[in-house]
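There are 2 protein chains.
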Amino acid sequence: MAPPSHFYTNNGAPQNGAVLPAGAGNVPPQHSCLLDPNEFRRQGHQVIDFIADYYARMDDYPVHPSVNPGFLRHQLPANAPSRPESDAFGTALRDVRDLILPGMTHWQSARHFAHFPASSSTVAALGEALTAGINVVPFTWAASPAATELEMVVVDWLGKALHLPESLMFCGGGGGTLLGTTCEAILCAIVAARDRKLADIGSGRIGDLVVYCSDQTHFAFRKAAHIAGIHRDNCREIATYRDDMFALSPTELQAAMQADVDAGLVPLFLCATVGTTQTTAVDPIRELCAVAATHGVWVHVDAAYAGSALVCPEFRHLIDGAEAVDSFSMNAHKWLLANNDCCVLWVKKPSLLIAALGTEQEYILKDAAAEGHDVVDYKDWSVTLTRRFRALKLWLVLRCYGVEGLRDHIRGHVDMAVSFEGMVKADPRFEVMATRQFALVCFRLRAPEELGGPKAANDLNRRLLEEVNATGSGPYMSSANVGGIYMLRCAIGSTLTEEQHVRAAWKVVQDRAASLLRKMESINAVA
Amino acid sequence: MAPPSHFYTNNGAPQNGAVLPAGAGNVPPQHSCLLDPNEFRRQGHQVIDFIADYYARMDDYPVHPSVNPGFLRHQLPANAPSRPESDAFGTALRDVRDLILPGMTHWQSARHFAHFPASSSTVAALGEALTAGINVVPFTWAASPAATELEMVVVDWLGKALHLPESLMFCGGGGGTLLGTTCEAILCAIVAARDRKLADIGSGRIGDLVVYCSDQTHFAFRKAAHIAGIHRDNCREIATYRDDMFALSPTELQAAMQADVDAGLVPLFLCATVGTTQTTAVDPIRELCAVAATHGVWVHVDAAYAGSALVCPEFRHLIDGAEAVDSFSMNAHKWLLANNDCCVLWVKKPSLLIAALGTEQEYILKDAAAEGHDVVDYKDWSVTLTRRFRALKLWLVLRCYGVEGLRDHIRGHVDMAVSFEGMVKADPRFEVMATRQFALVCFRLRAPEELGGPKAANDLNRRLLEEVNATGSGPYMSSANVGGIYMLRCAIGSTLTEEQHVRAAWKVVQDRAASLLRKMESINAVA
Numbered sequence: 001m002a003p004p005s006h007f008y009t010n011n012g013a014p015q016n017g018a019v020l021p022a023g024a025g026n027v028p029p030q031h032s033c034l035l036d037p038n039e040f041r042r043q044g045h046q047v048i049d050f051i052a053d054y055y056a057r058m059d060d061y062p063v064h065p066s067v068n069p070g071f072l073r074h075q076l077p078a079n080a081p082s083r084p085e086s087d088a089f090g091t092a093l094r095d096v097r098d099l100i101l102p103g104m105t106h107w108q109s110a111r112h113f114a115h116f117p118a119s120s121s122t123v124a125a126l127g128e129a130l131t132a133g134i135n136v137v138p139f140t141w142a143a144s145p146a147a148t149e150l151e152m153v154v155v156d157w158l159g160k161a162l163h164l165p166e167s168l169m170f171c172g173g174g175g176g177t178l179l180g181t182t183c184e185a186i187l188c189a190i191v192a193a194r195d196r197k198l199a200d201i202g203s204g205r206i207g208d209l210v211v212y213c214s215d216q217t218h219f220a221f222r223k224a225a226h227i228a229g230i231h232r233d234n235c236r237e238i239a240t241y242r243d244d245m246f247a248l249s250p251t252e253l254q255a256a257m258q259a260d261v262d263a264g265l266v267p268l269f270l271c272a273t274v275g276t277t278q279t280t281a282v283d284p285i286r287e288l289c290a291v292a293a294t295h296g297v298w299v300h301v302d303a304a305y306a307g308s309a310l311v312c313p314e315f316r317h318l319i320d321g322a323e324a325v326d327s328f329s330m331n332a333h334k335w336l337l338a339n340n341d342c343c344v345l346w347v348k349k350p351s352l353l354i355a356a357l358g359t360e361q362e363y364i365l366k367d368a369a370a371e372g373h374d375v376v377d378y379k380d381w382s383v384t385l386t387r388r389f390r391a392l393k394l395w396l397v398l399r400c401y402g403v404e405g406l407r408d409h410i411r412g413h414v415d416m417a418v419s420f421e422g423m424v425k426a427d428p429r430f431e432v433m434a435t436r437q438f439a440l441v442c443f444r445l446r447a448p449e450e451l452g453g454p455k456a457a458n459d460l461n462r463r464l465l466e467e468v469n470a471t472g473s474g475p476y477m478s479s480a481n482v483g484g485i486y487m488l489r490c491a492i493g494s495t496l497t498e499e500q501h502v503r504a505a506w507k508v509v510q511d512r513a514a515s516l517l518r519k520m521e522s523i524n525a526v527a
Numbered sequence: 001m002a003p004p005s006h007f008y009t010n011n012g013a014p015q016n017g018a019v020l021p022a023g024a025g026n027v028p029p030q031h032s033c034l035l036d037p038n039e040f041r042r043q044g045h046q047v048i049d050f051i052a053d054y055y056a057r058m059d060d061y062p063v064h065p066s067v068n069p070g071f072l073r074h075q076l077p078a079n080a081p082s083r084p085e086s087d088a089f090g091t092a093l094r095d096v097r098d099l100i101l102p103g104m105t106h107w108q109s110a111r112h113f114a115h116f117p118a119s120s121s122t123v124a125a126l127g128e129a130l131t132a133g134i135n136v137v138p139f140t141w142a143a144s145p146a147a148t149e150l151e152m153v154v155v156d157w158l159g160k161a162l163h164l165p166e167s168l169m170f171c172g173g174g175g176g177t178l179l180g181t182t183c184e185a186i187l188c189a190i191v192a193a194r195d196r197k198l199a200d201i202g203s204g205r206i207g208d209l210v211v212y213c214s215d216q217t218h219f220a221f222r223k224a225a226h227i228a229g230i231h232r233d234n235c236r237e238i239a240t241y242r243d244d245m246f247a248l249s250p251t252e253l254q255a256a257m258q259a260d261v262d263a264g265l266v267p268l269f270l271c272a273t274v275g276t277t278q279t280t281a282v283d284p285i286r287e288l289c290a291v292a293a294t295h296g297v298w299v300h301v302d303a304a305y306a307g308s309a310l311v312c313p314e315f316r317h318l319i320d321g322a323e324a325v326d327s328f329s330m331n332a333h334k335w336l337l338a339n340n341d342c343c344v345l346w347v348k349k350p351s352l353l354i355a356a357l358g359t360e361q362e363y364i365l366k367d368a369a370a371e372g373h374d375v376v377d378y379k380d381w382s383v384t385l386t387r388r389f390r391a392l393k394l395w396l397v398l399r400c401y402g403v404e405g406l407r408d409h410i411r412g413h414v415d416m417a418v419s420f421e422g423m424v425k426a427d428p429r430f431e432v433m434a435t436r437q438f439a440l441v442c443f444r445l446r447a448p449e450e451l452g453g454p455k456a457a458n459d460l461n462r463r464l465l466e467e468v469n470a471t472g473s474g475p476y477m478s479s480a481n482v483g484g485i486y487m488l489r490c491a492i493g494s495t496l497t498e499e500q501h502v503r504a505a506w507k508v509v510q511d512r513a514a515s516l517l518r519k520m521e522s523i524n525a526v527a
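Read top to bottom, the protein sequences are chains S and G.
Per the working numbering, the first sequence starts with residue 1, numbered consecutively.
Per the working numbering, the second sequence starts with residue 1, numbered consecutively.
Bear in mind the hints are in silico, worked out from the structure with no lab data behind them.
Take these hints with a grain of salt, some might be off.
As the list claims (entries may be wrong) - Mimicking BS3-like on lysine-lysine, the simulated pairs with C-alpha atoms at most 27 angstroms apart in a straight line are:
| no. | chain 1 | residue 1 | chain 2 | residue 2 |
| --- | --- | --- | --- | --- |
| 1 | S | Lys455 | S | Lys507 |
| 2 | G | Lys366 | S | Lys519 |
| 3 | G | Lys160 | G | Lys425 |
| 4 | S | Lys366 | G | Lys366 |
| 5 | S | Lys425 | S | Lys519 |
| 6 | S | Lys519 | S | Lys507 |
| 7 | G | Lys455 | G | Lys507 |
| 8 | G | Lys425 | G | Lys455 |
| 9 | G | Lys519 | S | Lys366 |
| 10 | S | Lys519 | S | Lys455 |
| 11 | G | Lys519 | G | Lys455 |
| 12 | G | Lys366 | S | Lys507 |
| 13 | S | Lys366 | S | Lys349 |
| 14 | G | Lys366 | S | Lys455 |
| 15 | G | Lys455 | S | Lys366 |
| 16 | S | Lys366 | S | Lys425 |
| 17 | G | Lys425 | G | Lys519 |
| 18 | G | Lys425 | G | Lys507 |
Stated by the list, open to error - Just so you have them, the derived chain G footprint on chain S, three or more residues with Cβ under 8 angstroms:
| no. | stretch |
| --- | --- |
| 19 | 251 to 258 |
| 20 | 402 to 414 |
To be verified - Label-pair distances were calculated between CB atoms; the ranges are:
| no. | chain 1 | residue 1 | chain 2 | residue 2 | range |
| --- | --- | --- | --- | --- | --- |
| 21 | S | Ala259 | G | His317 | 56 to 64 angstroms |
| 22 | S | Val418 | G | Glu362 | 25 to 33 angstroms |
| 23 | S | Gly70 | G | Glu362 | 20 to 28 angstroms |
| 24 | G | Gly264 | S | Asp262 | 47 to 55 angstroms |
| 25 | G | Val261 | S | Asp87 | 28 to 36 angstroms |
| 26 | S | Lys366 | G | Ala56 | 25 to 33 angstroms |
| 27 | S | Asp87 | G | Asp374 | 35 to 43 angstroms |
Built from N, CA and C at the ideal position, the CB exists for glycine as well.
If we strip away everything but chain S, and leave its shape as in the complex, we get (with noise of 0.2 angstroms):
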């Protein structure tokens, strides 16, 4: 790896006195230029180019990198430079190639099978560039009018096509927002919840609000919780098993919310999951919601990866009840090509959202215009102000691919997910460890009765999944430990992933397999 060219050049002292890239031409008036359109055109059109040329080569990389902390930091140099070297533009398009992409790991890669997807497609990428050179703060309505409209458009849209009640969108009554991230959104609502109860109970009980969840929910949940303020031990965390295919138990949620009560406790919040991370479990909405009503307790569902299959009205089944819910959020940005960031709430009274977050201030401009109108201000609906025009991403996605490419979309890696499935299945071997349900395959190499059986397991597994990924040009994949077993997760949903990909990534797994088997088989020989 070549050192970074300007760690020459950077000594501190002006390079040319320009603070423009050669080549520009005339130089306008400082300000000007550092928003020119020519030189937005020039430079636009080599980032554009670059990136392409980066989809083109994703394969050459292998999916994470092998590097030792300090392998950047200590080969760039510690202060900023002076004055840019000439055509700096350049010659940091060519460190980020040379540099920062070897030292990547690639979540776009065709063999990245670790975590749940970041989606990308082209035009949510161009999207996400559209909305950078645009640059608006649309935290008002009158901030940005038609930001804020078209957001409150694109919730809609997406919650149709999600077919999420009526009664969570604009159209029904309730209303969405675009978000970074789950943790935002669990957040949001679970301040709304507990201004809405601590006004009932009184706001010296903070202390004793408990909130609900399984043993696999996220720990978005649990942090949420905990900076909202709620005592780290009143969140109860159900124990789920495999025979329920790790889904919440409505009964243990009921035994667990009456013992906090009969301890003079006070039920807050309960995060149902649809999808949960380790083995993408679906908790019961239906039954979980019956629970929480008799303890007047806000439900949220977290749908942050599985959302996105609710595009395809064969998955429409597992939020069935979802119409007694309060909130309900779920990541754009990880399988419905959206980039990275876009998390979608969607509350059923925004007023209660908006009486914990909203604020009224005499500097923030309004708008003559919206007087007597009921204008959304989505400042008042999360933890920000400052916020993205995320909407002309998702708007771009929907529009560009229709409802039907992103149900082909889903259907493609679940299609995928089955057929890797299948050939686990097929290798006796292995065994499949949880139920699939969208496009997460978590499987086990069996220990050998010879190599330590069953209690082997879980340290058999952990090498299997050292040695899968420490193949360059393999896949790469993660872990679970659910109830006590470790488990590998091949988690289908690259953009760029294909069959091939599945099949060759199988392939890997079977040879280091079979070679880690025949490694402790000998050294056992000889014990």
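Guided by the hints, dock chain G onto chain S, whose structure is given.
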């Protein structure tokens, strides 16, 4: 305004059965098409030209549109298309041009003086595009080593460029991270401070914690404290005065803290501001830290806007004593050309952030290479798990403009503000209402005695602002209301703003004022 083109083609029925826009030639297997390099190149060059054309045409738009609530929502179909129309991407871009842009508030307009800037630059806009194209999720070091390391490098680069104390940087034992907004940054700091304090006094006492700010502090602080579970009644907004240039008084802070202690409450957190939103007041950091220290209070400095000015040594004295603060944040997306969003948070003790916000889960892949190293996993530094690779654009900005280039940029705006201030002072009908410190000028029209004198001034200036902002080709300004005095705010900071725009803006203010005074005098004469 023409109706959107797809209003006519979206009838819910498949248009052509194709997911790809027409003209893409031989159709490769579907998944890879969604991220096809050639398609990206074709659409990408369209987008670059689109944005460049927008910049070139910026002057043709009124800064703020004359539209009514619903203007866009009512023109768009109620559902996403089932299948895309042909050349959906090109058609959508035309709709952005013909429907969406005319309904935007143009934050990049040279005549946008209303809010603190959302300053754009070619390299930051394209840095965002690159980030969106590469689309990684660097929530841990392993999840994209180069992204984490570049972030560590640029927060130190920027901290040094802004003359921050080394104790806030990685090179001095502290560290920084890139977030979306100031409210997030303050929320993270409050939660860290809260957890440290509750560990001392017992978690049951959350209701006794008190936070402090001035009556000029941005409402983001009160919002963050509320989200973190601090009782709304426990936020002390200490009054400021024009004679003190609206700065928070250490004496009054001490009195407030002592009163709380005497009442059995527990001082927790102080938010000091460098450059308040209304008048860019600067709180005296050294003296405030001394008061806070006697009560074990966490001090955060919010320099959202004015932090960018610290790149100039002539402003360094404004943060004298910052060695004693616990955390510091500024928005590089405001005045430092880094495009929305890019808030930088530095903390003296990252371990406190991590204790409050950190999480450990087996399904988060660790890297063998990272074992035994103290790697930074940024998911433990903020609310969110999912995050964008924001470091890339900030690195591009610092590298391509250089520290001296950024100084030139800031000084250019400050010079224009000095010039605007001079024009206000030269016109006896007007007065400057707060000492100008950066590039914001607060001023108002004096109300002549015959029109009611000072008592009538607020209404007069409200009408003046309305008239100024109603001038289609004119400037867009905002207002402050400080100590009961309403004033106009002219915030200079758009990248495209030049001296000529400032002069033209002042001319509009003078003309509107003259016409308003004439109108009122004639009404007066009749009455």
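To see whether the hints hold, each was checked on the structure:
1. Of the supplied pair hints, the one linking Lys455 of chain S and Lys507 of chain S holds, its CA atoms being roughly 26 angstroms apart against a limit of 27 angstroms.
2. For the suggested pair Lys366 of chain G and Lys519 of chain S, the alpha carbons sit about 25 angstroms apart, so the restraint of at most 27 angstroms is met.
3. The hinted pair formed by Lys160 of chain G and Lys425 of chain G fails the criterion: a straight-line CA distance of about 37 angstroms is larger than 27 angstroms.
4. Of the pairs offered as hints, the one joining Lys366 of chain S and Lys366 of chain G is violated, with about 48 angstroms between alpha carbons and a cut-off of 27 angstroms exceeded.
5. The hinted pair formed by Lys425 of chain S and Lys519 of chain S meets the criterion: a straight-line CA distance of about 24 angstroms does not exceed 27 angstroms.
6. Distance check on the hinted pair: Lys519 of chain S and Lys507 of chain S sit about 18 angstroms apart at the alpha-carbon level, within 27 angstroms; holds.
7. For the suggested pair Lys455 of chain G and Lys507 of chain G, the alpha carbons sit about 26 angstroms apart, so the restraint of at most 27 angstroms is met.
8. At roughly 21 angstroms between alpha-carbon atoms, Lys425 of chain G and Lys455 of chain G fall within 27 angstroms of each other, so this suggested pair holds.
9. Restraint check: the Cα-Cα separation between Lys519 of chain G and Lys366 of chain S comes to about 25 angstroms, which is no more than 27 angstroms; the hinted pair holds.
10. A distance of roughly 18 angstroms separates the Cα atoms of Lys519 of chain S and Lys455 of chain S; the hinted pair therefore holds under the 27 angstroms criterion.
11. The straight-line distance between the Cα atoms of Lys519 of chain G and Lys455 of chain G is roughly 18 angstroms, inside the 27 angstroms bound, and the hint therefore holds.
12. Restraint check: the Cα-Cα separation between Lys366 of chain G and Lys507 of chain S comes to about 24 angstroms, which is no more than 27 angstroms; the hinted pair holds.
13. Using a Cα cut-off of 27 angstroms, the hinted pair Lys366 of chain S and Lys349 of chain S holds, with the two alpha carbons roughly 23 angstroms apart.
14. Our distance criterion of 27 angstroms between C-alpha atoms is met by Lys366 of chain G and Lys455 of chain S, whose separation comes to about 23 angstroms.
15. Distance hint between Lys455 of chain G and Lys366 of chain S is fulfilled; the C-alpha atoms sit about 23 angstroms from each other, no more than 27 angstroms.
16. A hinted pair counts as satisfied when its Cα atoms are at most 27 angstroms apart, and Lys366 of chain S with Lys425 of chain S does not qualify at roughly 62 angstroms.
17. The hinted pair formed by Lys425 of chain G and Lys519 of chain G meets the criterion: a straight-line CA distance of about 24 angstroms does not exceed 27 angstroms.
18. For a cut-off of 27 angstroms, the pair hint linking Lys425 of chain G to Lys507 of chain G stands: about 14 angstroms separates their Cα positions.
19. Under a criterion of three residues with beta carbons nearer than 8 angstroms to beta carbons of chain G, the stated coverage of the stretch 251 to 258 of chain S fails, only 0 such residues being counted.
20. Closer than 8 angstroms: that is the beta-carbon criterion, and the stretch 402 to 414 of chain S has 8 residues meeting it against chain G, so the requirement of 3 holds.
21. Distance hint for Ala259 of chain S and His317 of chain G: a CB-CB separation of about 59 angstroms, consistent with the stated range 56 to 64 angstroms.
22. Our hint of 25 to 33 angstroms for Val418 of chain S and Glu362 of chain G holds, since their Cβ atoms are close to 26 angstroms apart.
23. In this structure, Gly70 of chain S and Glu362 of chain G meet the distance hint of 20 to 28 angstroms, their C-beta atoms being roughly 25 angstroms apart.
24. About 31 angstroms separates the C-beta atoms of Gly264 of chain G and Asp262 of chain S, a value inconsistent with the hinted range of 47 to 55 angstroms.
25. A hinted range of 28 to 36 angstroms for the beta carbons of Val261 of chain G and Asp87 of chain S is inconsistent with their spacing of about 60 angstroms.
26. At about 31 angstroms, the beta-carbon gap between Lys366 of chain S and Ala56 of chain G stays in the expected band of 25 to 33 angstroms.
27. For Asp87 of chain S paired with Asp374 of chain G, a C-beta distance near 37 angstroms keeps the hint of 35 to 43 angstroms intact.
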